[in-house]
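Take each chain as given, in its own frame, and dock them per the hints.
Line by line, the protein sequences are chains A and B. In this text, residue positions in the first sequence follow the numbering used here: the first is 1, and each later residue adds one. In this text, residue positions in the second sequence follow the numbering used here: the first is 1, and each later residue adds one.
Just to be clear, a hint being listed does not mean it is correct.
Unchecked claim - Chain A stretches covered by chain B per the calculated footprint, using a threshold of three residues with CB under 8 Å from any CB of chain B: (1) 18-25; (2) 82-89; (3) 92-102.
The set of hints was computed from the structure by calculation and includes no laboratory data. Backbone N, C-alpha and C fix where the C-beta goes; we use that ideal spot for every residue, glycine too.
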Amino acid sequence: MSTFTQRRRVALAVARKDLTIEWNSRILVNQVAPFAAIIMVLFAFALDNDGILQRVAPGLVWLATLFSMLVVIQRTFAVESADGALDALRVAGVDPSAIFIGKSVALMVQLFALELLLVGTAVVLYGVEMSLLGFAEAIVTLLTATVGLACVGTLYGGLAAGARGRETLLPLLLLPVVAPVLIGATRATEAAFGSGGAQVSEGWPWILLLAVFAVIFAVVGAVAFGPLVDE
Amino acid sequence: METVIELKGVVAVLGTFPALAGVSLSVQRGEILLLQGPNGAGKTSLLRVCAGLVPIERGTGSILGIDLATNRQDIRTRVGLLGHTNGLYLDLTVEQNIQFWASTVGASQEEVANAMSTMRVDGRLAKVKAGQLSAGQRRRTALASLIVRRAEIWLLDEPHAGLDAAGRDELDALLRNAVAAGATVVLASHESERAAGLATRTVTVDGGGAS
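Chain B with its partners taken away, still in its complex shape (with noise of 0.2 Å):
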């Protein structure tokens, strides 16, 4: 199995606050990785330092290869990370923004295709612009852009806030779907039981530090 995610002894700081305090932690290809905790753990701030917004101050890591300390705007062209907000445009339809991200990095109009039927975006909810989308329908356009930028590493922030139940277990399958297609997903969530049926490995961050 190959390592996509290779931390250790990572030390992260947000303004004078030590968010990661010691962080190791190894991901392999096509896992789907749950970190639980509690509200001001630090599961956040461990996928924004894996997405490279967060500059790490002491220990070493590696993300799809790539170091984070030297190269972090490369490592942000091939990971995603989905946050609380979709980063959709919501007077552009949910055709038009998933163009849009294709078209910043090359991607064909079946890649296009391919992701918008995958994400089950396709048809008539094609043309309807993103503003008079629901919570769920928004969340499958923004996993849709995912695909499309061709993101190998999944970050999601508390994917499933905001789902109704039948929104929570399409996405569940949705993320699988994509896993079985390539990704890897490391997925935040302080409603443990519930992503924990989704994932393939459990940790549990608190304090800044995971185990």
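For reference, chain A alone in the conformation it holds in the complex (with noise of 0.2 Å):
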């Protein structure tokens, strides 16, 4: 068997274990999506104003989708040291650049849903309004934010995982290497929301940007990931 066909069915074995592990726990559902929705309500009582609301609102949802993001890494790590399963995987030669492709696949559905959530509460909350061509960009920003954000989350999570006080250790490792994920797809939903009049056009090449980060961060964390989690 191929060495590419091998890992493509680590990497789903892997996706799969993790989707079930949420689907047996509901902890995205019950906890984390939850815990962003009361972000976005906090974010409202604080501003108390709906013109500066949906002026900033796209900034909003990215922050709230980064605070959220915190929690699913830290729990998806964390069901893999709980009884060593990292560790074994390590140990019986599973490919690591599968076992990153699977969880980076994983972490991209559960960041997805949320960000539709966050979303969909940006409108109802701050009376966001988007075009046709808007809605349709503002779907793209999530797909190609949410790649960038899982393969980086993935990487970084596998960092801290063995790491003593790895609960502070993930987010002052992470946050300031997602910023410009955070300004890209910001910028792009301000143009897909028509924030501070905002044009659609806009907020293609904030895109491309989130595109390349993407990009990047798959490769660097497919090479990078087992020699991070070996040490």
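This is the structure:
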């Protein structure tokens, strides 16, 4: 069997396993999603002005995404270390790049669901309106940003998993690295929402930036995940 | 008899600490070898060297005919190391855990069913989450995972730890069955009296050497 086929099989197994764990435990649905929604509500309380909320809604959506993502990543690696499962995968010689791909895909699915919820919350709570073209751009933005966030999140989650004080280490390591995604995704979403008079066409260069970020971290992650976890 | 583990004058270092100081060891297929010795003697290090996890600094070694110095990744895929943890996902059921390991190597549903039956984690137990199992049931689930991974050599570090008397007897019987089915078992234990009844041969490890 070719290495590619083997890698794809393991990656699918890992992704299916992570999503089954979420299905069994319902942590995303019962804890992370309410947490994300509460952040959005608290922003609304803090700003308490419809005009300002509509203007800053894209930034708030992505800040809430980043904070919620930290919880999801902590969770996805906590299940690996609870009974030494990640160590067992490493010991069993399972291809680390396939583990990286599988965990990234599972994280993408969870993040995308979370982002849809947050955009929906912004529409309901902040009174955001979108044209059809804006809606399409928002979906492309979510997809592109999600790939980048999931790849970098899996890479840094794996790095922090074996470290002492990983709960506090992960945000310190991850948040500065994802700053380009926060900037790019916020600008693209502003264009999609038409915030501050932005045009839909202004969002595409930012989506290109998100795509470049996603490709870089997908490649770096697939190569570096093994040595990082081995350490 | 086929030699599945062959070490000659192996030296291994963990950080700056010499974990193994010139170990020579030969294990034949179908053996149950007991490594006995006090805590810190080097038993776990020897298992980890055999699993291809710790590189050797000096000496020569081969596992299943694969050179330990040059091809440790291939060795990892053919041996199974069970340490102090079981490597299970506590939010997955017994069956889902074993299915996951089976899917990493492309094992069939029949192999999954056989492994679960051999380790007696089938039936009602199959649908129970690993986090709700007793220590013995978790150990059996982990051993079933080794079977579906088609591990040819089982390296077990203190496999009786945390089990009650009935669980230990049951584990011994399961290991004998596994050997009868073609596996080779190397187990480390400082409870030598207990494990000696199970082993076909005993090697004493102390001060990083084996005799």
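Now for the hints, and whether the structure bears them out:
no.	hint	result
1	18-25	holds (count 4)
2	82-89	holds (count 7)
3	92-102	holds (count 3)
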